[in-house]
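*Asks:* Letter by letter, the chains look like this.
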Amino acid sequence: MMRPRQSVQAGAGRGPAPTPWSAAHPRRIVVALRRSPALARLLVIVALILLWEAAARWWIDPIFLSPPSRVVAELDELFATQGVPGALQATFFELAVAFVMSVAIGLVIGLAVGLSRFAHRSFMPIILLLYGTPQITILPLFILYFGIGSASKIAFGVSHGIFPIIVTIVAGVQNIKPILMVAARSMGASRWQIFRWVIFPHMIPSFFAGMRLGMTGVLLGVLLAELYVSSGGIGYFTTVFTQNFDPTKLLGLISVLAAMAIVLNEIVRRAEIRFGRWRMD
Amino acid sequence: MSAKRDRRNKLASRGVQIAFVLGLVLLWYLGSTYWGVSPILLPNPLGVWDELKDVLGSGEFLPDLQVTLTELAIAFVISCGSGITLGYLISRSPYLIRVFEPLLAGIYSVPIILFLPLYVLFFGLGPGSKIALGATISFFPIILNTIAGFGYVDRIFITAARSMGASDWQMFRHVLLPAALPVILTGLRIGFTVALLSILGSETIASLAGLGHRIVHLAEAMEMARMFAYIVFAVAIAATLNTITSSLERRAKRQ
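Those protein sequences? They're chains A and B, same order as listed. Following this note's numbering, the numbering of the first sequence begins with 1 at its first residue and continues without gaps. Following this note's numbering, the numbering of the second sequence begins with 1001 at its first residue and continues without gaps.
Just to be clear, a hint being listed does not mean it is correct.
Some chain B residues judged to face chain A by a derived CB distance under 7 Å, without partners named [said to hold, decoys possible]:
id, residue
1, Val1016
2, Gln1017
3, Val1099
4, Ile1107
5, Val1110
6, Val1120
7, Leu1197
8, Ala1234
9, Ala1236
None of these hints come from the bench; they were simulated from the model. Every residue gets a Cβ at the ideal spot worked out from N, C-alpha and C, and that includes glycine.
Kindly generate the complete structure, drawing on both the sequences and the hints.
*Replies:* Structural data, given as structure tokens:
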């Protein structure tokens, strides 16, 4: 998305005030905050956590919400709960396998559909149609076909992750300027050489963008399936903690999963920035 | 390429598409009728068709559809109201944009479906938890697009309007709103789609009523043909709603 760059305004023109004041002088804090939105962002997060802490301590019934301090302090108790580490490990394994499978299959289908005009025209509408259907409605079928173990969760994750990867790769392959292909061909490049030196480098940014979107999809698919199957894994523990009104462990489990999601997202996002932007300069 | 060849290629693609879909249905029919695939795994397409006619004819789907659509409507109204209001307020200051936009985008990248167990704890198994989840998930694309729409209006328009003496209201009505509307509408469409998906999803995972709940209920009762009929119905409903919102978006953008 193209956005006009923001002009730097807040407080940039004014220099720091002369310094007989102590560092904690309110005006200096205001100046520092205006200079650095990142610092203000951190403060917002801290304020939200404090609000949560206060709400949980004084206003809300402890059977529904427990303060973040307690959630963190009792994380080790969560991990000591029989079966929880295993469930988390299984989820991580499913995410990894589903992601690798989505990327591999998505890459092959994306190239096959993107590189041939005919295949693109014939199969792209079908792929977009499938991408647009709410796959959540067929989640019970996945469980029926693949069982309640890891296989169904991996399959459901792949079904969510594969389409954004296919679509971005097709878009990336199709967006190569025709002049580059014509130039390569007129200089006598073979099909392989065109693929290796023209298509492949131009595909890389969209490949990494697709991986990022694919990771979002895989996380959604695997977690949906995990939450759906309530007889084992994460879904079992969220159900048990909810029914026992044990918000400390529930919040702990959710936080650990969220942290896992954030780390995985961050890895693919970094990879996209690192490898995906070679044309930008 | 000549127009004639182009047309022939287009026809051939259309033919491949139709053949592909028909082939799948034929495989499905042959598999369930002659090759002995268990009807518990794959019901006969003719049976599904009969069940679908029965579901539609008897009006059995109405209560579930009503629950799902009510949840969707309430969730969407909540996320629109809060998302557009907060987004507009944040977009008024470049500083606030720089503070809040990365924060909101960061939270949006976490799979918000994880909140579902928490919402079930807070609001119970009924519609409350579905509405809360749908509103939370659709809030983010709506507020992010509202910020992007109002916050990145070309400075030249604003300066020009102000130098010609536009009042605040005129500025909003004739400069900011027309510039921001297309982006906001896109946000509303994405928000609507994800709200529908998350409501169907949360009904599937834990609920008392609704289309998602009905599908799971039939799956557990092993009434596969009827379940397939409901899946077809739910997919058709989702496709219809998405088509309506997309065409509304396109029409509003053209004006």
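*Asks:* Does isoleucine 1107/B hold up as a contact with chain A if the rule is Cβ-Cβ below 7 Å?
*Replies:* 10 Å, violated
*Asks:* Valine 1016/B was flagged as interface toward chain A. Is the shortest Cβ-Cβ separation under 7 Å?
*Replies:* It holds, given that the least Cβ distance between valine 1016/B and chain A is near 4 Å, below 7 Å.
*Asks:* Would you check whether alanine 1236/B satisfies its interface hint, that is, whether its CB is within less than 7 Å of any CB in chain A?
*Replies:* 10 Å, violated
*Asks:* Does the interface hint hold: is glutamine 1017/B within less than 7 Å of chain A, judged Cβ to Cβ?
*Replies:* 6 Å, holds
*Asks:* For the hint on valine 1120/B, just tell me whether its beta-carbon gets within less than 7 Å of chain A.
*Replies:* At 6 Å from the nearest chain A Cβ, valine 1120/B passes the 7 Å test, so the hint holds.
*Asks:* Does valine 1099/B hold up as a contact with chain A if the rule is Cβ-Cβ below 7 Å?
*Replies:* 5 Å, holds
*Asks:* Given alanine 1234/B was flagged as interface, is its beta-carbon under 7 Å from a beta-carbon of chain A?
*Replies:* 5 Å, holds
*Asks:* When the nearest CB of chain A is found for leucine 1197/B, is that gap smaller than 7 Å?
*Replies:* 5 Å, holds
*Asks:* Tell me if the interface restraint on valine 1110/B is satisfied: Cβ within less than 7 Å of some Cβ in chain A.
*Replies:* 5 Å, holds
Going through the hint list in order, the structure does not satisfy hints 4, 9.
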